[in-house]
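Engineer: Here is how the chains run, residue by residue.
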Amino acid sequence: MRYLPLTEADRGAMLAEIGVASVDDLYKDVPAAARLAGPIAGLPGHRGELEVERALSAMAAKNVAAGSVPNFLGGGAYRHHVPATVDSMIQRGEFLTSYTPYQPEISQGTLQYLFEFQSQVALLTGMEVANASMYDGATACAEAVMMANRVTKRSRALLAGNVHPHYRDTTATLARFTGFEADAGPPDPSGRESLVDRIDETVSCVVVQTPDVFGHVHDLTALSAACKAKGALLIAVVTEAVSLGLLTPPGAMGADIVAAEGQSLGNPLNFGGPHLGLFAVREKLVRQMPGRLVGQTTDADGRRGWVLTLSTREQHIRREKATSNICTNSGLCALAFTIHLTLLGEAGFTRLAQLNHAKAVQLAEKLGDIHGVRLLNDSFFNEFTLRLPRRANKVVNKLAKRGILAGVPAPRLFPDTDGLSDLLVVAATECTSEADMDALCRGLGEVL
Amino acid sequence: MRYLPLTEADRGAMLAEIGVASVDDLYKDVPAAARLAGPIAGLPGHRGELEVERALSAMAAKNVAAGSVPNFLGGGAYRHHVPATVDSMIQRGEFLTSYTPYQPEISQGTLQYLFEFQSQVALLTGMEVANASMYDGATACAEAVMMANRVTKRSRALLAGNVHPHYRDTTATLARFTGFEADAGPPDPSGRESLVDRIDETVSCVVVQTPDVFGHVHDLTALSAACKAKGALLIAVVTEAVSLGLLTPPGAMGADIVAAEGQSLGNPLNFGGPHLGLFAVREKLVRQMPGRLVGQTTDADGRRGWVLTLSTREQHIRREKATSNICTNSGLCALAFTIHLTLLGEAGFTRLAQLNHAKAVQLAEKLGDIHGVRLLNDSFFNEFTLRLPRRANKVVNKLAKRGILAGVPAPRLFPDTDGLSDLLVVAATECTSEADMDALCRGLGEVL
Amino acid sequence: MTETISGHRGLEMDEPLIFELDSPGQSGVDLPAPPAVKSRLGAVKPRGAIGLPGLSEPEVVRHYTRLSRKNYAIDAGFYPLGSCTMKHNPRLNERMARLPGFADLHPLQPLATVQGALELIDTLADWLKSLTGMAAVAMTPAAGAHGEMCGMMAIRAAHDHHGGPPRKRVLVPESAHGTNPATAAALGFTVEAIPATEDGRVDLAALKAKLGFDVAAVMLTNPNTCGLFERDILAIAEAVHQAGAYLYCDGANFNAIVGRVRPADLGVDAMHINLHKTFSTPHGGGGPGSGPVVFSKALAPFVPLPQVVDDGGDFHLAEARDDDDGTALAYGRMKAFHGQIGMFVRALTYSLSHGADGLRQASADAVLSANYVLAKLKGDLNAPFEGPCMHEALFDDKSLKGTGVTTLDLAKALIDEGFHPMTVYFPLVVHGAMLIEPTESESKRAIDQFIATMKGLVARAKGGEAEWFHASPRLAPRRRLDETAAARKPVLKWVKA
Amino acid sequence: MTETISGHRGLEMDEPLIFELDSPGQSGVDLPAPPAVKSRLGAVKPRGAIGLPGLSEPEVVRHYTRLSRKNYAIDAGFYPLGSCTMKHNPRLNERMARLPGFADLHPLQPLATVQGALELIDTLADWLKSLTGMAAVAMTPAAGAHGEMCGMMAIRAAHDHHGGPPRKRVLVPESAHGTNPATAAALGFTVEAIPATEDGRVDLAALKAKLGFDVAAVMLTNPNTCGLFERDILAIAEAVHQAGAYLYCDGANFNAIVGRVRPADLGVDAMHINLHKTFSTPHGGGGPGSGPVVFSKALAPFVPLPQVVDDGGDFHLAEARDDDDGTALAYGRMKAFHGQIGMFVRALTYSLSHGADGLRQASADAVLSANYVLAKLKGDLNAPFEGPCMHEALFDDKSLKGTGVTTLDLAKALIDEGFHPMTVYFPLVVHGAMLIEPTESESKRAIDQFIATMKGLVARAKGGEAEWFHASPRLAPRRRLDETAAARKPVLKWVKA
Ligand SMILES: Cc1ncc(COP(=O)(O)O)c(C=O)c1O
Ligand SMILES: Cc1ncc(COP(=O)(O)O)c(C=O)c1O
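If you read the protein sequences in the order shown, they are chains A, B, C and D.
Residues 584 to 1031 in the numbering used here are what the first sequence lists, from first letter to last.
Residues 584 to 1031 in the numbering used here are what the second sequence lists, from first letter to last.
Residues 140 to 636 in the numbering used here are what the third sequence lists, from first letter to last.
Residues 140 to 636 in the numbering used here are what the fourth sequence lists, from first letter to last.
These aren't lab readings, by the way, just hints derived from the structure by calculation.
Since the structure is predicted, the reported quantities are computational estimates derived from the model, not experimental observations.
A couple of the hints might just be wrong.
[Unchecked claim] Short derived list, chain B residues pointing at chain C, Cβ under 10 Å:
1. M584
2. D593
3. G595
4. G631
5. T668
[Said to hold, decoys possible] List time: in silico PhoX-like cross-link candidates among lysine-lysine, alpha-carbon distance up to 20 Å:
6. A:K867 - C:K307
7. A:K949 - C:K177
8. D:K349 - B:K867
9. B:K645 - B:K981
10. A:K904 - C:K307
Built from N, CA and C at the ideal position, the CB exists for glycine as well.
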């Protein structure tokens, strides 16, 4: 068994040293009746690499890799091109196989990149402080609401209808069990919902996404003013981090907390996980925020260095009084994110965002020409919504059979909501070629 | 341009510091007439990763990867399973992006693994000293002959007919231009050629391969005695390093030099290169051997360490008197080899060899049952030769169309030799499954 | 310390922040010029300068290579961080997780195009159920703490469903990991401590005294965070169940008992499994992890959505409550999409590699190694509890009393010796705790070297060299860092000078 | 030096030989039991014990991780090793080389199944011909020295073909790399040195005097190994050709001039190109490399076999002499199979990435950086030749005279400063040579840091701190190693104690 260094001789010597006859003696505290006499039945025995690789590859081969066909899926996960440097660097054992940087003297690598990550996220979102990551955008959103409840000592959150349904659902689940109210309107494919009038003094926070789940871009300035007036916090959700290269960031529009998904930078789709939650706040809220924070300091020789800090917010110090129960986060995904963003830099990131937008505009124009297809968006970044003359689910399934992943049918996102069956959410990125666009147009032309 | 760190501002500052107006001034020694005014015409401009990746992937997609179909190719390159650890380790920048270890204080990583590699190769071949690698088995063979000429001060090499034709050809090319004689008999598919009688006092060395290019396994003991009697050196060639896990090694059968191909361990097929030349000799010949050598020593604090040594044999010290002109060798392939072998260890390597042999025996038995197909080998390790009732080239091409890489037709190996057209050389490794074998049998049954 | 001109020290390179390496306009990514289009951004203005630094690709590679070299890692050495299970992370896992057929799947692709991925989830779910003997599993939680949240929500949902008196109390041992009380509290429960016995286990009598019909759950860790198996677990489970409460087990230490005993046979109702501990997925400097939760029959109906459903080899995702899928009582999402698939690939690769026999042997080796450490060091350091221990050996700082050397000092001295320190000051139930978890993937040679070093250091401490300890580490990329200053005036991001 | 108990020093781990880590019977690879068959090995006996050590996978990963951390690398720092062109090795190259459609091709597959691979070879060949302006290219040589062999063989073949007097002499400048004379001598030529002028170039008059009808070739390096462009190259080529000889150019320094001048326009007949220098394929601690050779029209018929032939998009391999393929005069193989394909993938990836414009800019940046180093350091160290230089700056040890500090001492002091030393004591034509090649992939920041460090060290040397230099390096994994002892009693492998 290739992963086990102890030999039978080692085991014998160690048992002798301990003074027991067999390993079973070490398990004597386990109730005898429950102790297993041998390997659990029904599971296979150990196998070599070649066999395991074959088994897994066979499973993988049953799937259609998004990159192997023209694909237009978004809805909270985006297929961007990740430079080879990123994966090469994150596979360095010193990054991959280290723990949370609890011993800073021998964790400066992790601590420095997290500090850089926090700085980058703060810049991108236009906020003052960012943490070292959350599980994903949805949990970041839910944690943001919990935080707003704590800060405002209120327990009613107002969620825009066009916040990603998984984010809404994650928040609603927490609401159900922790006893706050998550008041979410119905999805609004037109993107015209206004929340301003619904904010009152009982509202802890307003959660709004931009670009929203149907692709509409929102100016948050008025909403922010309305929140401020009523003492509520404004939580901005971003599911496509690349949009922050082009759009005025939530921080500049008055958001108090930004909860975002960072997968777009550095991270593969991974069928939905692991992804990367970004979490940024105003400076004055920092002691209420969840998650780890890295701070700068000096060592005994006066050299600059970094440590985990303000951990009195965290579960391992504060236990039941902690700001969150989060422990393990998305460290390596944050590393991929920060490497990708460092590679891009100001010039590259800005251009990437422009390219994404331009591709989407091109695609929208081409698709708009198809008979019976209507673009719902007045505004969008790299994703928009089409009304089809047929049920979107069917269209997507038909096109999948032709080797085209046409987008996300709205009913897939909102299985419990009626009236969305003919809507298709379509995304483009820098990876979307003209040939891909033409394939989609042709395919749609054929199946509609 | 992502690989160039200098900005226009940097360039300006540096030119100013140098005191010239433009970079063109730095090229003033280049004859003006030959200087190019702009990028070379006919070549494309720079492109991003995504575009380059697409271009290369398109080329790769035009090929049939050996591992994607049942495959039975050998003939000097073997498809073995390489554990994931190997590629992961050789991609560490400290191994990948370092130069030849000329500064030992900051090259102990490379030096230690090369020392371990030398030790492993010596053990495998049964020889006393091994060097730190050659380009490939064929050049190792040619260098061995040159070395034998130097040692014996004779200039006639006798090559067995069943030495891999590329090795023969590489040696013959050198012979032609350096003026020694490379006397090679015709290939002998029966494996019965005897060289003993042809050795005389003019012969510097006898080169023989085991298992040979048709798969026959040879006992070299008698040949070694005959060489010794006439003052010639015995050079043993091995193209399948895995065979050394099961067969008595050349060193134990009296070889003076072993020239081998090491690709089988740790290295992918790579369409033929880079591969890895192994070179091992008797201790007394060490100062005549080509290539780098790593030796053990101590540092100023008395700690054990390693350095390049005996470099007075090498071109950078001895120039026209060097034992070889080799400089860059196959360092990283040697690393892959030594990691794979370290993973295997005595138990794993021995079992791997047994498994290869057993698979080949199974395959031979299955193929032997096909009407009209005849196995030529009395002995073999993991590769053997079949006589087919039709031209092997045609059979192989037909089977390739059915998605089976059936083996190497002898005419592919010996394009200049007649009478081999119905011979097919077939190999099996630990990767060859029963299903693969059955596919080949079925396929052969259909096309014969 | 030898000062250098460059600030580098041999192979230990000084490396500035990316912001300090900025060359304005520079980029490590070449992108084509965007086609000219009419912007469709609507009312929102294009943003101005962001403030990101520009670096070329070579500078980026060097930056992260240098940073990485300042880290300790399992790959590089012994990492006996108790409770964290820093074991070998096979590279085959990484290779499999990067197969485009897994890594390059969009979570919202038509189900017909992701059957293999759903099969993967289902297969791993089967392994987890088999290994624990439990009836159901929630695959979506992203880490252990998230799993705790998931499990406690299910318990809450079950109580809500069954009606009865409000159950607001959750009992948690003092030795529990911080996530346990934090989770319970986040869900609105009142957390109460269960006292421990002299021998480091839950005090059964005290527990029984605290149990009542207002208790929703007891959260135990078993093996517990002192590295001990809760001997009275069957009696505990019985008492908990009699009170109408559920037994939540923190499964972070499952690696001690995989294949040796099934939590189902101990009366556990819900348990998360840290795939990034027991199932060898890399910890990645902080994450990502994955924390599937297994459930007893009683709680099985309350597994959250989405769930993978196997219709005889045809897989679908239950994303909404549905009687046919048995998800009528399922509660909503824990996060976006369907779980940490990348981690599932690794965990399944690991499971298939070890097989049932290998997993059982791995547990035995982990326990054997910990007991070996306990046996060899208990003459040097004080072991507060009798052995045998499970997968980790606990010591307190009694033996260091009067030496002026603290647990922290010993930890920092270990850094110079090339070892990652053990977990220190956790669990809180003993003074100056040192929790040593060698795991099954260390050789006897490595463990012996660690033991010899610990013995040497303890001797040195007892020999009165406190000053020397206080100045450790000396050989790491940094000496001791001022954490107080960091917290007093937090500098949490780079700011342009 | 602070001694530790373990022998490790912080993150610098002491690591034994694999043989010293042996656990008999242990293995890091699990293989199925071989099926029972009747052995077919014939007369040769199965061997006995080999003596290989047994290690588990975790131990192997740790071993090589630890070893790697004892190495300097471009990824980690500035590596100005003159003549070696230690430039950035893009990771995209590595990714492309690992595509199964390249890496997993057997060299003897039917040609219909490898059309893309042949296209790859042909495409790279086109790039090399375009960049050099040459008529033909031999793709098979495995490295620079192998390319020299290939080129000189073609020259020999051409002379043989054309008949005439025997040409036994080859003229080589004293500053040439050792492979040049070694190659010529291996092929049976008499090697004669060409003297240099005061300004570090070939002495044209002296060369002309040595030329004659018994000279087969002149082997020049241009830019030469002093980092200088051979100004008289056109006159040299003319003289060489007039004598009926061929001009071989060592193209190891091609990186200085790619896209700025084509060797064909300088009268070169044959030139190898080190893909592992100019075209960014990694040096891998010693190899593998790749050394294609470009040829003028005059030598084109003599390119060795095999060759890739493009029949209008349908590729085949000319493996035997054939008039149709234009290979009637081709000579035989340089090695097995068709070349270093893995390196070709990397080199083509690099070429496509840079494009014609990027390659031209890269040359300019390499030359600019070297001249910058020259300009900044020539007040501190003696530059034996006037600038401008090409891609590398040469200094001698004149300025160190009387300080007791040698070139080697300076190099070792640089190690502590976190830099890889420049090439030292090569070329042989100046005393105590220091050849500094920054390459185009270093930032101005990195170069400035190197310059400042050099200045500081030289000042220190001149300040009389010879002892301090002699004791360098102090901060590397090892102090100076005893090379004399190593050579006196060579220990070239591990032997069981
Ligand atoms: C005992 C125990 N419980 C819970 C956790 C939390 O798990 P995670 O970090 O995966 O959220 C940990 C991890 O440190 C632990 O050791
Ligand atoms: C000038 C010069 N010529 C020839 C060579 C030999 O090239 P290779 O090492 O690729 O065989 C080198 C490499 O060091 C060199 O610098």
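Engineer: None of the hints should be skipped; say for each whether it holds.
Structural biologist: Results for each hint:
Hint status for M584 of chain B relative to chain C: holds, with the closest Cβ pair at about 7 Å, below 10 Å. Here the hint on D593 of chain B is kept, as its CB sits about 7 Å from the closest CB of chain C, short of 10 Å. Interface hint at G595 of chain B: violated, since its Cβ lies 13 Å from the closest Cβ of chain C, which is beyond the 10 Å cut-off. Restraint check, G631 of chain B versus chain C: the minimum CB separation of about 4 Å is within 10 Å; hint holds.
A cut of 10 Å between beta carbons decides the hint on T668 of chain B: the least distance to chain C is about 5 Å, and the hint holds. In summary, the hint linking K867 of chain A to K307 of chain C is not supported, as the alpha carbons are separated by about 33 Å, beyond the 20 Å threshold. Simply put, K949 of chain A and K177 of chain C have alpha-carbon atoms about 14 Å apart, close enough for the 20 Å limit, and the pair holds. Simply put, K349 of chain D and K867 of chain B have alpha-carbon atoms about 41 Å apart, too far for the 20 Å limit, and the pair is violated.
Under the criterion of a C-alpha separation no larger than 20 Å, the hint pairing K645 of chain B with K981 of chain B is consistent with the structure, at around 18 Å. Restraint check for K904 of chain A and K307 of chain C: the C-alpha separation of about 16 Å stays at or below 20 Å, so the hint holds.
Hint compliance for this structure: hints 3, 6 and 8 are not met, and every other hint is.
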